[in-house]
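Peer 1: Sequence:
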Amino acid sequence: MREKRLQDIEEYIHSVGTVSLDELCEHFNVSKNTIRRDISNILDKGTIHKVYGGVTSVSSHLIPFENRDITNSLEKTAIAKCAAQFVEGNELIFIDSGTTTRSIVEYLPLVPKLTILTNSLDIINAAANLEHITLMAIGNCYKRDTKSFVGSESLHILDKYNINKAFMAATGVSTESGLTNSDILEYEIKKKIVDKAQQVYLLADASKFGRSTLLTYAPLDQVDTLITSEPLPQQYQEYCDEHGIAVFLTEHGADTRGI
Numbered sequence: 001m002r003e004k005r006l007q008d009i010e011e012y013i014h015s016v017g018t019v020s021l022d023e024l025c026e027h028f029n030v031s032k033n034t035i036r037r038d039i040s041n042i043l044d045k046g047t048i049h050k051v052y053g054g055v056t057s058v059s060s061h062l063i064p065f066e067n068r069d070i071t072n073s074l075e076k077t078a079i080a081k082c083a084a085q086f087v088e089g090n091e092l093i094f095i096d097s098g099t100t101t102r103s104i105v106e107y108l109p110l111v112p113k114l115t116i117l118t119n120s121l122d123i124i125n126a127a128a129n130l131e132h133i134t135l136m137a138i139g140n141c142y143k144r145d146t147k148s149f150v151g152s153e154s155l156h157i158l159d160k161y162n163i164n165k166a167f168m169a170a171t172g173v174s175t176e177s178g179l180t181n182s183d184i185l186e187y188e189i190k191k192k193i194v195d196k197a198q199q200v201y202l203l204a205d206a207s208k209f210g211r212s213t214l215l216t217y218a219p220l221d222q223v224d225t226l227i228t229s230e231p232l233p234q235q236y237q238e239y240c241d242e243h244g245i246a247v248f249l250t251e252h253g254a255d256t257r258g259i
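With the first letter of the sequence shown counted as 1, position 37 gets the number 37 in UniProt numbering; the numbers rise by one all the way through.
Treat the hints with caution; some may be incorrect.
As the list claims (entries may be wrong) - Derived DSSO-like pairs: lysine-lysine, alpha-carbon spacing no greater than 30 Å straight-line:
1. Lys-192 x Lys-160
2. Lys-143 x Lys-81
3. Lys-191 x Lys-147
4. Lys-147 x Lys-192
5. Lys-45 x Lys-143
6. Lys-81 x Lys-196
7. Lys-147 x Lys-196
8. Lys-160 x Lys-147
9. Lys-45 x Lys-192
10. Lys-192 x Lys-143
11. Lys-81 x Lys-32
12. Lys-81 x Lys-113
13. Lys-32 x Lys-113
14. Lys-81 x Lys-50
15. Lys-4 x Lys-113
16. Lys-50 x Lys-147
17. Lys-191 x Lys-143
18. Lys-143 x Lys-196
19. Lys-113 x Lys-147
20. Lys-45 x Lys-4
21. Lys-143 x Lys-160
22. Lys-191 x Lys-50
23. Lys-4 x Lys-50
24. Lys-50 x Lys-32
25. Lys-4 x Lys-32
26. Lys-160 x Lys-113
27. Lys-50 x Lys-192
28. Lys-191 x Lys-32
29. Lys-32 x Lys-45
30. Lys-81 x Lys-4
31. Lys-50 x Lys-160
32. Lys-113 x Lys-191
33. Lys-160 x Lys-196
Stated by the list, open to error - Simulated restraints, written as ranges between beta carbons of each label pair:
34. Asp-44 x Asn-90: 53 to 63 Å
35. Ser-154 x Asp-22: 24 to 34 Å
36. Leu-130 x Ser-154: 17 to 27 Å
37. Val-51 x Leu-6: 17 to 27 Å
38. Lys-50 x Glu-230: 26 to 36 Å
39. Leu-110 x Arg-36: 52 to 62 Å
40. Glu-106 x Lys-45: 38 to 48 Å
Hint data in this document are derived by calculation from the structure and do not stem from the laboratory.
A quick note: this is a predicted structure, and the numbers were derived from the prediction, not measured.
Quick reminder that beta carbons are idealized off the backbone N, C-alpha and C, glycines included.
Required output: the full structure, derived from the provided sequences and hints.
Peer 2: Below, the structure is given as structure tokens:
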């Protein structure tokens with residue numbers, strides 16, 4: 001029984017990347033003391049490392065960023081296509097880094113005076129030659145593992161801009177922990193953007209729900225519109241109904257709308 005749990009815990013850590021002890025306790029329904037003992041056993045294998053408040057995977061089985069979009073790729077593309085329909089002319093929008101948001105640009109409508117602000121190398125490359133788009137980048141340090149630019153030195157620049165819409169990604173989404181990620185530098189940008197944006201769109205495939213990582217960059221109730229690939233679990237649909245979050249479902253390119 002314990003050996004099976006140890007295996008399940010280790011596989012879960014590798015699938016998420018970085019996870020807090022509290023999340024592990026909740027996910028596996030065990031006490032903090034039990035998780036600490038289990039983690040101590042797994043640490044001896046050298047496949048995970050301790051980080052503040054939790055653990056992170058160092059396994060070679062982790063999927064590189066450039067290959068992550070293979071996982072749930074049809075769902076992610078459909079989500080990006082659905083999100084693009086909300087972009088209008090005369091707007092300043094932020095497009096987050098991530099494998100779900102990276103395809104938005106190819107589906108954007110031809111609208112006048114559209115400005116894109118981003119820290120994603122993929123978005124920059126996709127929009128660089130589109131003459132009808134004004135492109136602005138944020139971040140002064142490049143992270144190869146996420147293909148994104150980070151850096152707290154440039155955060156004050158965001159105070160100047162009125163961001164109409166922010167299209168955000170997350171490593172995990174839960175009603176308790178909200179929108180989470182694992183990198184402190186990306187966290188600072190994401191948090192600032194969500195605080196500044198007039199409307200927040202969350203793009204998350206079904207695998208992201210019920211997961212949380214170390215850093216919460218926004219509570220779930222700060223989202224205005226949620227775009228996902230499958231019907232939400234009941235507790236999430238009830239949460240969205242209660243907090244007025246519009247939910248858009250898309251299945252491999254077929255969009256259906258609901259609130």
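Peer 1: Are the hints correct? Go through all of them and say.
Peer 2: Now for the hints, and whether the structure bears them out:
no. : hint                          : verdict
1   : Lys-192 x Lys-160             : holds (12 Å)
2   : Lys-143 x Lys-81              : holds (26 Å)
3   : Lys-191 x Lys-147             : holds (19 Å)
4   : Lys-147 x Lys-192             : holds (19 Å)
5   : Lys-45 x Lys-143              : holds (28 Å)
6   : Lys-81 x Lys-196              : holds (24 Å)
7   : Lys-147 x Lys-196             : holds (23 Å)
8   : Lys-160 x Lys-147             : holds (25 Å)
9   : Lys-45 x Lys-192              : violated (38 Å)
10  : Lys-192 x Lys-143             : holds (19 Å)
11  : Lys-81 x Lys-32               : violated (42 Å)
12  : Lys-81 x Lys-113              : holds (20 Å)
13  : Lys-32 x Lys-113              : violated (53 Å)
14  : Lys-81 x Lys-50               : violated (38 Å)
15  : Lys-4 x Lys-113               : violated (56 Å)
16  : Lys-50 x Lys-147              : holds (24 Å)
17  : Lys-191 x Lys-143             : holds (18 Å)
18  : Lys-143 x Lys-196             : holds (24 Å)
19  : Lys-113 x Lys-147             : holds (27 Å)
20  : Lys-45 x Lys-4                : holds (16 Å)
21  : Lys-143 x Lys-160             : holds (25 Å)
22  : Lys-191 x Lys-50              : holds (25 Å)
23  : Lys-4 x Lys-50                : holds (21 Å)
24  : Lys-50 x Lys-32               : holds (15 Å)
25  : Lys-4 x Lys-32                : holds (18 Å)
26  : Lys-160 x Lys-113             : holds (18 Å)
27  : Lys-50 x Lys-192              : holds (27 Å)
28  : Lys-191 x Lys-32              : holds (29 Å)
29  : Lys-32 x Lys-45               : holds (21 Å)
30  : Lys-81 x Lys-4                : violated (40 Å)
31  : Lys-50 x Lys-160              : violated (38 Å)
32  : Lys-113 x Lys-191             : holds (26 Å)
33  : Lys-160 x Lys-196             : holds (10 Å)
34  : Asp-44 x Asn-90: 53 to 63 Å   : holds (58 Å)
35  : Ser-154 x Asp-22: 24 to 34 Å  : holds (32 Å)
36  : Leu-130 x Ser-154: 17 to 27 Å : holds (23 Å)
37  : Val-51 x Leu-6: 17 to 27 Å    : holds (19 Å)
38  : Lys-50 x Glu-230: 26 to 36 Å  : holds (34 Å)
39  : Leu-110 x Arg-36: 52 to 62 Å  : holds (56 Å)
40  : Glu-106 x Lys-45: 38 to 48 Å  : holds (42 Å)
Going through the hint list in order, the structure does not satisfy hints 9, 11, 13, 14, 15, 30, 31.
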